[in-house]
Amino acid sequence: MTTELLAPPERNYLSAGYTARSWLLTVDHKRIAILYMVSITLFFFVGGAAAVLFRLELMTPEGDLVISETYNKLFTLHGIVMIFLFLIPAVPAVLGNFLVPLMIGARDLAFPRINLLSWYLFMLGGALVMWSTFVGGVDTGWTFYTPYSSTYANTNVMLAALGAFVTGFSSILTGLNFIVTVHTMRAPGLRWFRLPLFIWAHYATSLIMILGTPVVAAAIFLVALERGLGIGIFDPKLGGDPLLFQHLFWFYSHPAVYIMVLPSMGVVSEIIACFSRKRIFGYRFVAMSSMAIAVIGFFVWGHHMFVSGQSVYAGLVFSFLSMLVAIPSAIKVFNWTATMHKGHVWLSTPMLYALGFIGLFTMGGLTGLFLATVAVDVHVHDTYFVVAHFHYIMVGGSVMGYLGGLHFWWPKITGRMYPEWWGRFSAVLVFFGFNLTFFPQFVVGYLGMPRRYHTYPEEFQIYNVMSTAGASILGVAYLIPLIYFIWSLKYGPRATANPWDARGLEWEAASPPITQNFETTPIVTTDAYPYAEDEQRTEETLLV
Amino acid sequence: MNDGFRLHPEQASEIAASVDALYFFQVGVTVFFTVLIFVLIWTFALKYGRARKADRILPPHEFWATELIWAIVPFAIVMIMFGWSAVIFVRGSQTPPNAITIDVIGKQWMWRIYHPEGKREINTLHVPVGQPVRLRMISDDVIHSFYIPAFRAKMDVLPGRHTFMSFTATKPGEYHLFCAEYCGTQHSFMRGRIVVMEPGVFADWIRGSTDEPPEVAGKQLFEQFRCNNCHHNNPGARCPPLGGIYGTTVALQDGTTVTADESYLRESILNPAAHIVAGYKNEMPLYLGQLGEEDVLQLIAYIKTLPSPDATPRSEAENSKP
Amino acid sequence: MTGHVAHHFDDAEQQFHAANLGMWIFLATEVMFFGSLFAAYTAYRYMFPEAFVAGSHSLDVVMGTINTAVLLLSSLFVALAVNAAATNRSRAAAGFLVGAIVMGVVFLGIKAVEYADKFAHNHVPGAHFQFHRESEGEHAVDGEHHVSVNESAIPGGDFQAGHNSPDRTLEKRVELFFSLYFAMTGLHALHMVIGVVLLGIVAYQAWRGAYSQTYFTPVEVSGLYWHFVDIVWVFLFPLLYLIR
Amino acid sequence: MAAHVTSSRSCYIVFGALLVLLVLTVIAAGIENHTLGIIVALLIATVKALLIIVYFMNVRFADWVTRLAVAAGFVGLIVLLAFMMSDYLTRDPVDEIETSPVTRAAPEAFEALALLHPEAFAPGISV
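Chains as they are written, first to last, in my numbering: chain A, 20 to 563; chain B, 330 to 651; chain C, 13 to 256; chain D, 22 to 148.
Possibly wrong hints are sitting among the right ones.
[Unchecked claim] Derived DSS-like pairs (lysine-lysine); straight-line CA-CA distance at most 25 Å: (1) B:LYS382 with A:LYS361; (2) B:LYS500 with B:LYS448; (3) B:LYS548 with B:LYS448; (4) B:LYS633 with A:LYS256; (5) B:LYS633 with B:LYS610; (6) B:LYS376 with A:LYS361; (7) B:LYS633 with B:LYS500; (8) B:LYS448 with B:LYS436; (9) B:LYS548 with B:LYS633; (10) C:LYS130 with A:LYS256; (11) B:LYS448 with B:LYS633.
No wet-lab data here; the hints were simulated from the structure.
Can you build the whole structure from these sequences, using the hints too?
So, in structure tokens, the structure goes:
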């Protein structure tokens, strides 16, 4: 089992077995990460195809490409697939799964079999959602609002809701695994404030996963009871309150936005530090701001309900609390920017994605303030303004972070380098395509175009045409990495253990790592990110 | 309404301008910080490019004072936003004492509106300018949302419980009415218009004794209640064509005939089951209680104006006789 | 007993700690899961106190009390089983676990009797739901005071006097109470069934002498789960059965 | 490995206490006062839960991380309850249901409402 440290090891986790069985029954966190990567990529393109279809429909004010029912099913499919089957697992289940044990010097996650179980649950949930689509689709929107979902919709709500329910458990198990792993399995010397910010972000994310997900699971469970057995918890005909569902739903689904974006923030912290060759400025503040976002995230869900019939008092309370999320977010953005100051900045592909993330997240976060501002939200609520805002966070933020991370750790995951020129080209293309798609939606949203509209008044057409044009660019920009990543598996140059000369325990392992990650358990003696300039002052991480 | 590229919808209510003012303040903040971050990133990326020579004397890893500023400045700005918006919101959610109350019922996929004077409308709301209006809204089925962009006003309409929305229109004209909460298949067709009128014109309108002839209002009613969905002159109409029906003799299912005069038409509108025309089924809903006498008069006036079809392919259409 | 330490752990203590912490975090998610139902309960009880009193009065307090005692006893057995396993008495642990399982089955049996009673009285939410005011008690003759929806009696859409009477309104809201009752106790019963299976497996292992002072993690962890299910009932009992 | 578990004797004592509390809560249910009744019932239930957590579940031997995990769920639940109820407790009192023109004009639309608020639809209202 002995291998050279820097040369590609003969026996790495990829070469540990080639049979289907060796993949489907693996308990290796790295292999499970690959399973997740393949699955979410499939789901991403399913959700993307739905988006392309309804964006084409929206080119014209009339409903001429598809009928209303189909349109509604398309945006529901897009929402459910992208949120439950792509964004929520994207960074945590792929990069997190792969890197959390590596970064803390552990041989695996605390519960490897539960980790595999979580992938199977995820696939089961995904299969249920796909099944619901193939037998006719669902038209409730991903929000499943009652009483439409529980009583009025005559589509396959049960299947899709069950799918969301099951993927929820997959997400809970992932979060549970991360928390226990970070608590119990850190390498000797790896104190809390020596952890990479990626770990902090995943720890904060896991907190939301375990405390938030069960609530939405219960809400969906109650909708299923109401639909299937006539046990009417939200039924207005019995005096039930449809807003109760919204409370339970948003208690999870607002923090869920942070499940999607916090891990990407962790990724961005790693990339910025590496390609500025500097320690993250204000490390402790960035770490704590992740925790603050996770905690404050639980106190703000009512801003989704400002015009729902919630009390005026509650509206003001939630408005105030929602404002507070701006502070940790601002701290992060400023600290990332300051990290570049006096660094050695290299605009590689991951860095371009990371910088794109900062810019788009800044816009997404600031426009979020409009929605926390109760008087403005009354006007823009449920309009394209909201659609634009959350796409800036989820696509401009999460997906940029995911792609950046994928490029950054691609050599570690596969042992191969991707083509740098194509990487930069697609990163720039994603940025422009994204802005062309979603910026016009801010404008048309403020003009009053409601979301989830199949047809719309003519004066909104120009913005929708721009948006559709951008979406087609974005679609192409997402296909390019798919192609060159696959290409690089065979033709990419071999990667060394640390092609970026980055810091962090994962770069001490071979590329790709061996099954048990490290030959011997590493011992940590320095703080995170001991980059070049710091080398005079601190000892380098040692492999003992 | 459609005058090209604009950044905000028309300001047609009392709070619209104040919402826009806050909005543009936020746009300013957003632009400022976005530009700041972009400029900083590009400055650093260029100035400290890895191949460039630059002063890189090590700065501290963290600096409490800057962190504190980065926390306090955003906090101060968002508190301004919060305070400002709270004032507008609380003001907007209070109903002025002299407000008139108009009932709104949301139903898949239409808005039914009931004026206190007894006037009813579908998908159109007429309001007088300058008069505070309170909408008392409820849904018949799922959650809808009553949204008037020009008023910067929106409120969900819930089943089983009233919600309220107040506004004072400030500018005569026609504005969009949208359903903003997804409510099922034809959600995007649940649109309508808000007609803001000068108080005098509104008073005439609400009394129904406008200067315009009754058939104009009748035509509107005819369209609002979608009568022409069934009562049209094309082949396969589910209900008898009404063109030129007035004054003719109509054959009924029970073998009798009746002259289509005002009282016959009135009865057939309010209680269609009373006389079924030969060859048709009793498919028309009951409008008793839905339509006032005024409405019926206007509808009849409109029906009288409908032109007789040139050729009637239906054998049972006795009314083709002059 | 390093044979029990999985490859990725350093030692048994780390493994025990991880398993224990993992179960506690799982229980935190369970708290939130049941908690959502408790939240629904709180909102509706605040909105419709009189319906909750009426609904609660139709539940059998004696059965509920016995069931609570049965469940507490099962918890005692589980606690004793953990103690026995940790003190190298694996066989005794198996015995206690069987005791806990028996108590769990007794609980489910009593629950089933209660459910059957609800079915018999049409207290199950849905199309056949009926409820009479408590003053009429369990002895009310079906249909005597019950106001039924008589669709044919509402031509033109006007209201029949009884159609929207206070009794009818109360009935609807009590249906809401029973919806919560079945959702909460049903979910609890499901957890009990899972717990019985779990304890069964652990009891079998204990009987084979698998546990000792150095390794009793499965007993401890499944015990935590069982105690948690017990705690849920400790709250369900007063909130459902004892509303006055 | 140092195994810290509650002794059998403590288990029996705790079980006794739990039974006493069970009897207490049944007796206390006689309190014919909504608010006080709930408070007493919840207090007793909380004490019972704490006894189970601390003794049966051996939390008194646990480290701070485990204790934090124990607390996390309950803290989360309190956040959910408190902020959700901040809405319910401050909503406007249930609608004024006046006999508006709508009530006369479109009664079928109000069927669900009438079921909920019969007081607003006094006998005699019909088309």
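Quick rundown of the hints versus the structure:
1. B:LYS382 with A:LYS361: holds (10 Å)
2. B:LYS500 with B:LYS448: With a Cα-Cα distance of about 22 Å, the restraint between B:LYS500 and B:LYS448 holds, given a limit of 25 Å.
3. B:LYS548 with B:LYS448: holds (15 Å)
4. B:LYS633 with A:LYS256: Cα-Cα ~44 Å, so violated.
5. B:LYS633 with B:LYS610: holds (23 Å)
6. B:LYS376 with A:LYS361: Given that 25 Å is the threshold and the Cα spacing comes to 8 Å, the pair holds.
7. B:LYS633 with B:LYS500: violated (36 Å)
8. B:LYS448 with B:LYS436: holds (18 Å)
9. B:LYS548 with B:LYS633: holds (11 Å)
10. C:LYS130 with A:LYS256: Holds - the C-alpha atoms of A:LYS256 and C:LYS130 are around 22 Å apart, at most 25 Å.
11. B:LYS448 with B:LYS633: holds (22 Å)
Consistency with the previously given hints fails for numbers 4 and 7, ordered from lowest to highest.
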